[in-house]
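Line order of the protein sequences matches chains A and B. One gets my numbering by counting positions in the first sequence from 1 and adding 55 to each. One gets my numbering by counting positions in the second sequence from 1 and adding 55 to each.
Derived by calculation from the structure, the hints in this document are not laboratory data. Hints may be right or wrong, so weigh each one.
Identical chains blur together in the list; that is why a pair holds if it fits in one copy or across any two.
Okay, derived cross-link-like pairs now, PhoX-like style, lysine-lysine, Cα gap no bigger than 25 Å in a straight line [as the list claims (entries may be wrong)]:
| no. | residue 1 | residue 2 |
| --- | --- | --- |
| 1 | K125 | K461 |
| 2 | K224 | K300 |
| 3 | K186 | K254 |
| 4 | K461 | K300 |
| 5 | K464 | K233 |
| 6 | K463 | K291 |
| 7 | K186 | K242 |
| 8 | K291 | K125 |
| 9 | K440 | K77 |
| 10 | K228 | K464 |
| 11 | K325 | K463 |
| 12 | K233 | K461 |
| 13 | K77 | K90 |
| 14 | K72 | K93 |
| 15 | K72 | K125 |
| 16 | K93 | K440 |
| 17 | K377 | K254 |
| 18 | K125 | K464 |
| 19 | K90 | K440 |
Protein chains: 2
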Amino acid sequence: MKAVLIIADGMADRPIKELNWKTPLEAAHKPSLNKVAKTGICGIMDLISPGIPPGSDAATLALLGYDAVKVYSGRGALEAIGSGLEVLAGDVAFRCNFATVDEKLVVLDRRAGRIANEDATKLTKSLQKVKLEKSQVKFIFNSTIQHRAVLVLRGLKLSTAVSDSDPEKVGVKVSEIKPLDKSPEAKRTAQILNELTDKFHKVLEVHPVNKERIRRRLLEANFILCRGAGTVPNIKPLSEEYGIKGVCVAAAALVKGACKAAGMKLINVKGATGTPQTSFMAKAEATVQALGANDFVFLHVKATDAVSHDGDFEQKIRMIEKFDGMVGYILDNVDLGSAYLAVTTDHTTSCITRNHEGDPVPVAITGPQVRRDDVGEFDERTCSKGGLNRIRGMDLMPILMNLIGKTKKFGA
Amino acid sequence: MKAVLIIADGMADRPIKELNWKTPLEAAHKPSLNKVAKTGICGIMDLISPGIPPGSDAATLALLGYDAVKVYSGRGALEAIGSGLEVLAGDVAFRCNFATVDEKLVVLDRRAGRIANEDATKLTKSLQKVKLEKSQVKFIFNSTIQHRAVLVLRGLKLSTAVSDSDPEKVGVKVSEIKPLDKSPEAKRTAQILNELTDKFHKVLEVHPVNKERIRRRLLEANFILCRGAGTVPNIKPLSEEYGIKGVCVAAAALVKGACKAAGMKLINVKGATGTPQTSFMAKAEATVQALGANDFVFLHVKATDAVSHDGDFEQKIRMIEKFDGMVGYILDNVDLGSAYLAVTTDHTTSCITRNHEGDPVPVAITGPQVRRDDVGEFDERTCSKGGLNRIRGMDLMPILMNLIGKTKKFGA
Numbered sequence: 056m057k058a059v060l061i062i063a064d065g066m067a068d069r070p071i072k073e074l075n076w077k078t079p080l081e082a083a084h085k086p087s088l089n090k091v092a093k094t095g096i097c098g099i100m101d102l103i104s105p106g107i108p109p110g111s112d113a114a115t116l117a118l119l120g121y122d123a124v125k126v127y128s129g130r131g132a133l134e135a136i137g138s139g140l141e142v143l144a145g146d147v148a149f150r151c152n153f154a155t156v157d158e159k160l161v162v163l164d165r166r167a168g169r170i171a172n173e174d175a176t177k178l179t180k181s182l183q184k185v186k187l188e189k190s191q192v193k194f195i196f197n198s199t200i201q202h203r204a205v206l207v208l209r210g211l212k213l214s215t216a217v218s219d220s221d222p223e224k225v226g227v228k229v230s231e232i233k234p235l236d237k238s239p240e241a242k243r244t245a246q247i248l249n250e251l252t253d254k255f256h257k258v259l260e261v262h263p264v265n266k267e268r269i270r271r272r273l274l275e276a277n278f279i280l281c282r283g284a285g286t287v288p289n290i291k292p293l294s295e296e297y298g299i300k301g302v303c304v305a306a307a308a309l310v311k312g313a314c315k316a317a318g319m320k321l322i323n324v325k326g327a328t329g330t331p332q333t334s335f336m337a338k339a340e341a342t343v344q345a346l347g348a349n350d351f352v353f354l355h356v357k358a359t360d361a362v363s364h365d366g367d368f369e370q371k372i373r374m375i376e377k378f379d380g381m382v383g384y385i386l387d388n389v390d391l392g393s394a395y396l397a398v399t400t401d402h403t404t405s406c407i408t409r410n411h412e413g414d415p416v417p418v419a420i421t422g423p424q425v426r427r428d429d430v431g432e433f434d435e436r437t438c439s440k441g442g443l444n445r446i447r448g449m450d451l452m453p454i455l456m457n458l459i460g461k462t463k464k465f466g467a
Numbered sequence: 056m057k058a059v060l061i062i063a064d065g066m067a068d069r070p071i072k073e074l075n076w077k078t079p080l081e082a083a084h085k086p087s088l089n090k091v092a093k094t095g096i097c098g099i100m101d102l103i104s105p106g107i108p109p110g111s112d113a114a115t116l117a118l119l120g121y122d123a124v125k126v127y128s129g130r131g132a133l134e135a136i137g138s139g140l141e142v143l144a145g146d147v148a149f150r151c152n153f154a155t156v157d158e159k160l161v162v163l164d165r166r167a168g169r170i171a172n173e174d175a176t177k178l179t180k181s182l183q184k185v186k187l188e189k190s191q192v193k194f195i196f197n198s199t200i201q202h203r204a205v206l207v208l209r210g211l212k213l214s215t216a217v218s219d220s221d222p223e224k225v226g227v228k229v230s231e232i233k234p235l236d237k238s239p240e241a242k243r244t245a246q247i248l249n250e251l252t253d254k255f256h257k258v259l260e261v262h263p264v265n266k267e268r269i270r271r272r273l274l275e276a277n278f279i280l281c282r283g284a285g286t287v288p289n290i291k292p293l294s295e296e297y298g299i300k301g302v303c304v305a306a307a308a309l310v311k312g313a314c315k316a317a318g319m320k321l322i323n324v325k326g327a328t329g330t331p332q333t334s335f336m337a338k339a340e341a342t343v344q345a346l347g348a349n350d351f352v353f354l355h356v357k358a359t360d361a362v363s364h365d366g367d368f369e370q371k372i373r374m375i376e377k378f379d380g381m382v383g384y385i386l387d388n389v390d391l392g393s394a395y396l397a398v399t400t401d402h403t404t405s406c407i408t409r410n411h412e413g414d415p416v417p418v419a420i421t422g423p424q425v426r427r428d429d430v431g432e433f434d435e436r437t438c439s440k441g442g443l444n445r446i447r448g449m450d451l452m453p454i455l456m457n458l459i460g461k462t463k464k465f466g467a
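The task is simple: from the sequences and hints, build the whole structure.
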């Protein structure tokens, strides 16, 4: 028995007036998602708890079965290990954004117009040459996908108790990084970060790539915003927890990092970019193939979230329909007599507020031994009538693992 | 975006034979409550956890979003601060009842025939003159509404680890107050309370107000029952938790106290009495007005609970219908394009058992961005089919705050 958990990032939404008060998921044509619902058991799920908007990091830990409220140790380290950097004990890592600010450091765009990978890579090379005054601290900076980047600080006496420079909205000034407790470590870490941020800004402002971007009428990537100071979470690998061999098919660094922290193997898929241009089908094929030699595949698509943060619900419908095609390929190519397939999302991202929201998400599980219910459509409202009722994010993995016979009895 | 949370105390009930096995809420004519359900998202809610009958104090803390199981520190202090008394760190406060006992101290009525405010006030003046033997401990005693009163003990070496004198039923003897642990503080506090109870009884027995009550064929208020030893709970104000300005429209001291402990402003409404004779409309008007300058209004009506404890389900239906009119006024006078309105109750009070019960309560939320479901009636059974499914009391506030954009993301 095997299991596939398929996540379309930020796929759930709230009703939208222009869609006749449907959500994008309700409005989309999604025969394969509906087939999972129709042949399976459905429900709604609070990734963390009702009303609490989940960050993608905490939500992914929950989807892997961990109690995120207990084990969460910041986004940065997950993002860094997911991008291929090594994060050691004692390192403090950050998720960064290439962003556009004006001369007063007011944020104009938190994603520098969703800068292309090539430009970000060139800028990164120059940033890597910056020198810190305190030579006993090293930094490692790498860009990942589009505007996304990671920063690792390595050295003695560092702390995660520092605030973000990313204000997480536009039209306001970049935040100064401040210590969040009174320890000398926090003070020192904040100082180093402020110094680095400032030096990065100076490099980026005069960089030829940005001059060229201005000529091409693109937003300059003239600032590096940091957030989510973190260390590697202290979690038990899935192999130990459930005795399974699990693999991850994802492009987003954060998701790859969480899966790696859970001891899963990462499968690199050509054409999987973590953007709306990603190759859905290549990921579907990789998933089917990976299932041969493994017990569990965690398949993640980022595209649905990216368009939600841009407020583009028409595009979101299109991404959901592409995602549906991917689910269809998997349904057609996996033996559902010996495999379970679960479909869900890591959070609601509202195209209206353009933020993660605390509304529950739909979830459906199909496979040979589920208690099939009478839900026939996969969406936020129909799934709320399903046989799973309302569960927590951290419940899904044990449910799946139990279906494939991999959970341990509690008690004797 | 603003939010109103409207509570009809003890409104939920169990099926009643004389109502053709409907609950009072199912039997009532309630067009406005049904409108909230029809235009909103519905569900059922366990204030504490399934099957556990919530005290009004713990339930109100849960409704304000707190984990009552963790923060609950007794009823007394909430009741006392709600009645306008100051409760300091180290003080131990009690909820008290004017009650009727016979010569053997058997409780005949726990509410002295729901004694009128004027009589209680006169009796209180005499009780305040009682002197304690241990002069280093002071007491403050005040009546609030009808039979309700509060007592605060102030001094060093006091403890909340004392039992109640209120047996919470009639036909049995008043309970002796006993220490609940082996500390000298608990022993001392119990001694002081027993002394005070005894002295109060001696004053009340011969009081002219009681002689007059006997002439008027009313029950004597000849005993003060104490319960719910408590200190002020250690909770984060709503302003810090959600960054909101919240106000409370309530008459019941306990509810006012919980809201005050949560850092909310109390609005005094003329004609709001906490009894079935309260002015529902004055409260509705105060709520609409308060919403202008605030983010959140907590509106509470006690009348529905009072009649339930008396087992009067016909009267309960009438109270629910009055409450419905109040909700109607708010629906008509609040802009539902920019406000969310939630309606619920703090617990089930059974007209048959005349007690708080552990059955879940119905809840409905309406407003611009809710995932409207197909529930069209606001009652215990129909709401159980709604899109919220089954939530906990402490979940409602985060859900509401998320809808108005006031929750913080967990994770990054």
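Now the hints, each set against the structure:
Taking CA atoms no more than 25 Å apart as the test, K125 paired with K461 passes in both settings, with 23 Å inside one copy and 23 Å between copies. Taking identical chains as interchangeable, the C-alpha atoms of K224 and K300 lie at most 25 Å apart only when they sit on different chains, with a minimum of 22 Å there against 40 Å within one chain. In this assembly of identical chains, K186 and K254 lie within 25 Å of each other by CA distance solely inside one copy; the values are 9 Å within and 73 Å between copies. Taking CA atoms no more than 25 Å apart as the test, K461 paired with K300 passes inside one copy only; the shortest distance there is 11 Å, against 41 Å between copies.
Within a single copy, K464 and K233 get their C-alpha atoms only as close as 46 Å, which misses the 25 Å cut-off; across copies the closest is 19 Å, which meets it. Taking identical chains as interchangeable, the C-alpha atoms of K463 and K291 lie at most 25 Å apart only when both belong to the same chain, with a minimum of 15 Å there against 28 Å between chains. When the C-alpha separation of K186 and K242 is checked against a cutoff of 25 Å, the pair qualifies only within one copy, where the shortest distance is 20 Å, while the shortest distance between copies is 57 Å. Proximity of K291 to K125 under the C-alpha cut-off of 25 Å is found in both arrangements, the shortest distances being 13 Å within a copy and 20 Å between copies.
Taking the closest pair of Cα atoms, K440 and K77 come within 25 Å of each other both inside a single copy (17 Å) and across two copies (20 Å). For the identical chains of this complex, K228 and K464 are inter-copy neighbours only, at 20 Å across copies versus 53 Å inside a copy, given an alpha-carbon limit of 25 Å. Within a single copy, K325 and K463 get their C-alpha atoms no closer than 37 Å, and across copies no closer than 36 Å, so neither meets the 25 Å cut-off. With identical chains, the CA atoms of K233 and K461 are at most 25 Å apart between copies only, with a shortest distance of 23 Å across copies and 45 Å within one.
When the C-alpha separation of K77 and K90 is checked against a cutoff of 25 Å, the pair qualifies both within a copy, at 20 Å, and between copies, at 20 Å. When the C-alpha separation of K72 and K93 is checked against a cutoff of 25 Å, the pair qualifies only between copies, where the shortest distance is 18 Å, while the shortest distance within a copy is 27 Å. For the identical chains of this complex, K72 and K125 are neighbours neither inside a copy (38 Å) nor across copies (41 Å), given an alpha-carbon limit of 25 Å. Both within a single protomer and between protomers do K93 and K440 lie at most 25 Å apart by alpha-carbon distance, with minima of 12 Å and 17 Å respectively.
Taking the shortest alpha-carbon separations for K377 and K254, neither the intra-copy value of 42 Å nor the inter-copy value of 66 Å comes in at or below 25 Å. Taking CA atoms no more than 25 Å apart as the test, K125 paired with K464 passes in both settings, with 22 Å inside one copy and 15 Å between copies. Both within a single protomer and between protomers do K90 and K440 lie at most 25 Å apart by alpha-carbon distance, with minima of 16 Å and 21 Å respectively.
Going down the numbered hints, you'll see the structure goes against 11, 15, 17, while the others check out.
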